[in-house]
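We have chain X; now place chain G onto it with these hints.
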Amino acid sequence: MSGLKLRMVLGVTIAVLVAGLAGRTTPARGADGGESGRLQFHGYGEIHYNNPKIDTMSPGAGNELDFHRFVLGWEYEYSDKVRVEGEIDYEHAARELELEEAYIEYDLSPTLALRVGSLLMPVGPLNEFHEPPLYYSVERPYVERFIIPTTWQENGAGFAGQAWRGKASYRAYVTAGLDATKITSLGGLHDVSSKGSESKADDLAGVGRVEIAPAAGLKLAGSAYYGGADQRTPGLGKVTMTLLGADARYRRAGFDLRGAYARVALDGADRVSAFVGGTVGSAMQGFYVEAAYDVLRRDRTEGLRSLVLFGRHEDFDTNEEIPAGFVRDPAAERTVSTAGVSYYPIEKVSFKADLEHWKDGADRKLNRVNLGAAFMF
Amino acid sequence: MIRVRLGRSVWIGAIAAIVSIAPISTAGPRAPEAPTPFARVYLALRGCTSCSHCRTTIRQMARAGSNGGQARVSSDAVEVRYMKPGLVPLRDVIGRLAENRLHDLTLIDVLFEAEGTIGTTSAGATTFTLKGTGQSFPLNLAPSLPRPGGGTPVRLIAAVEGWREKGGLTLVARQVHSTT
Chain X
1 MSGLKLRMVL GVTIAVLVAG LAGRTTPARG ADGGESGRLQ FHGYGEIHYN NPKIDTMSPG
61 AGNELDFHRF VLGWEYEYSD KVRVEGEIDY EHAARELELE EAYIEYDLSP TLALRVGSLL
121 MPVGPLNEFH EPPLYYSVER PYVERFIIPT TWQENGAGFA GQAWRGKASY RAYVTAGLDA
181 TKITSLGGLH DVSSKGSESK ADDLAGVGRV EIAPAAGLKL AGSAYYGGAD QRTPGLGKVT
241 MTLLGADARY RRAGFDLRGA YARVALDGAD RVSAFVGGTV GSAMQGFYVE AAYDVLRRDR
301 TEGLRSLVLF GRHEDFDTNE EIPAGFVRDP AAERTVSTAG VSYYPIEKVS FKADLEHWKD
361 GADRKLNRVN LGAAFMF
Chain G
1001 MIRVRLGRSV WIGAIAAIVS IAPISTAGPR APEAPTPFAR VYLALRGCTS CSHCRTTIRQ
1061 MARAGSNGGQ ARVSSDAVEV RYMKPGLVPL RDVIGRLAEN RLHDLTLIDV LFEAEGTIGT
1121 TSAGATTFTL KGTGQSFPLN LAPSLPRPGG GTPVRLIAAV EGWREKGGLT LVARQVHSTT
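Chain order of the listed sequences is X and G. For the first sequence, counting from 1, position 73 maps to 73 in our numbering; every step adds exactly one. For the second sequence, counting from 1, position 130 maps to 1130 in our numbering; every step adds exactly one.
Some hints here could point you the wrong way.
Okay, the calculated beta carbon distance ranges per label pair [unchecked claim]:
1) G:Val-1172 - X:Val-295: 51 to 59 Å
2) X:Gly-311 - G:Thr-1179: 55 to 63 Å
3) G:Pro-1085 - X:Val-174: 41 to 49 Å
4) X:Val-369 - G:Lys-1166: 46 to 54 Å
5) G:Asp-1109 - X:His-313: 38 to 46 Å
6) G:Asp-1109 - X:Leu-220: 53 to 61 Å
7) G:Glu-1099 - X:Leu-355: 24 to 32 Å
8) G:Thr-1106 - X:Val-174: 51 to 59 Å
9) X:Ala-331 - G:Thr-1106: 41 to 49 Å
10) X:Gly-311 - G:Val-1172: 41 to 49 Å
To give an idea of the chain X side of the interface with chain G (calculated C-beta under 10 Å), a few residues [claimed, not checked]:
11) His-42
12) Tyr-103
13) Arg-115
14) Phe-275
15) Ala-324
16) Ala-373
Don't read these hints as lab results, they were simulated from the structure. For every residue, glycine included, the Cβ atom is placed at its ideal position computed from N, Cα and C.
Bound conformation, chain X alone (with noise of 0.2 Å):
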């Protein structure tokens, strides 16, 4: 980011903060009787250490120390109804600056609310809610990368709502679609998104998420998402995206059980291959399994601090299939077993360690170190 750029964002990051500030303490009467005018603030950030650094099978690739996330975001409530809600995202340091997501949120009803902007998809377990105290693990699961592309936003609007007295929640979207020419044999929808920057919308997307929580403790979700992926590109031809996922979590005594699974299938990797000289799989597909227990029984003490002993095991392919006439690549397959330890002094800050075990294809094997702080507000 060039210094006049990073200059205005420090200015304009410090007058909202400001501002803010002001804001706070001048509530004005809003056309329903109420307070308008209110701006709140959150965030999160996290500091990794990784060795070696991560994308690499390569144990002498060298080890990374680096201030992975630094979000700030805000929400401004206009009326009891109406807000509009912004994440700025000074990833790597502030190295990349993304608008991790900005919409308006419009209250239809009590349970159903609009959207309209840079909206995250609701797909995956982590993918709207991906604050790092929120997992055990110093980075993110590897399927919520590889096939889930977290963290995953794109231009849309769309409904958010609940059901069934809190027990059900549902998010369903249209958004801009992804561009398939970006997907890589190796990272595979890890750089599709357009990050809200002058999105590609000749082809449009549809995107849903339903979450139902049927006994105490227990949660199960299924995303879906389908759109065009070919962005009218020249000499493309027609492809379409699929991804379907679901997900679940149970949560009793201490312990903590989740786990995760999504599959793409890509309609048209026969051309997107041709197209970017390499096989991009027909098929991606991945899951995870993860335990963990909370030492400490935060549940049962009604303390602040937690002590999580965790263990996950991560297996994917985006060369799960492939075109007729292209050539699989062994190290698409991937296996990645995680045990680790998390710390929580208090429930919004984390200190973690973990243990990586790589695996794939090639029968390539990689050990990784990770040590990270994780805070959210």
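Okay, now just chain G, sitting in the frame of chain X:
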């Protein structure tokens, strides 16, 4: 060099902030202050309240059972406010949040503030009756607190007890203010 750039950024931010709040502090009449709501329910929360999606979830939970109340979510509480006299479905408001299973959220404590009168039943029990509705709650009123009788309007701030169990709710008075 970095210090110079940062310093400029701070000044740019400060000036922009002053400009943005100037109309409030110097020009024209101040916006009218918000009226005191007829009733408020404060629900102290622990858990994930940070991001916009969390707050929407919590806001929808609170509003769904509130019978028209406005919900304001902050980092550690949600406040349901009623601007005009009306029935306050206290059990439902609390229950939606206390029994929620979808979100990583724990309800810690509940405070209730409302206008009404303090009375005594024929059985000798103390009650608090909401202004203009006839809706009443059992009230535990410590001897050290004022006990205005005879239908004197008061503003009561009370802890709500009994929401963790099935059955009726009881208000435990913390403050009683005469509104006459």
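Evaluation of the provided hints:
no., hint, verdict
1, G:Val-1172 - X:Val-295: 51 to 59 Å, "violated, 35 Å"
2, X:Gly-311 - G:Thr-1179: 55 to 63 Å, "holds, 59 Å"
3, G:Pro-1085 - X:Val-174: 41 to 49 Å, "holds, 42 Å"
4, X:Val-369 - G:Lys-1166: 46 to 54 Å, "holds, 50 Å"
5, G:Asp-1109 - X:His-313: 38 to 46 Å, "holds, 40 Å"
6, G:Asp-1109 - X:Leu-220: 53 to 61 Å, "violated, 30 Å"
7, G:Glu-1099 - X:Leu-355: 24 to 32 Å, "violated, 39 Å"
8, G:Thr-1106 - X:Val-174: 51 to 59 Å, "violated, 35 Å"
9, X:Ala-331 - G:Thr-1106: 41 to 49 Å, "holds, 44 Å"
10, X:Gly-311 - G:Val-1172: 41 to 49 Å, "holds, 45 Å"
11, His-42, "holds, 5 Å"
12, Tyr-103, "holds, 8 Å"
13, Arg-115, "holds, 9 Å"
14, Phe-275, "violated, 36 Å"
15, Ala-324, "violated, 42 Å"
16, Ala-373, "violated, 16 Å"
The structure shown violates the earlier hints numbered 1, 6, 7, 8, 14, 15, 16.
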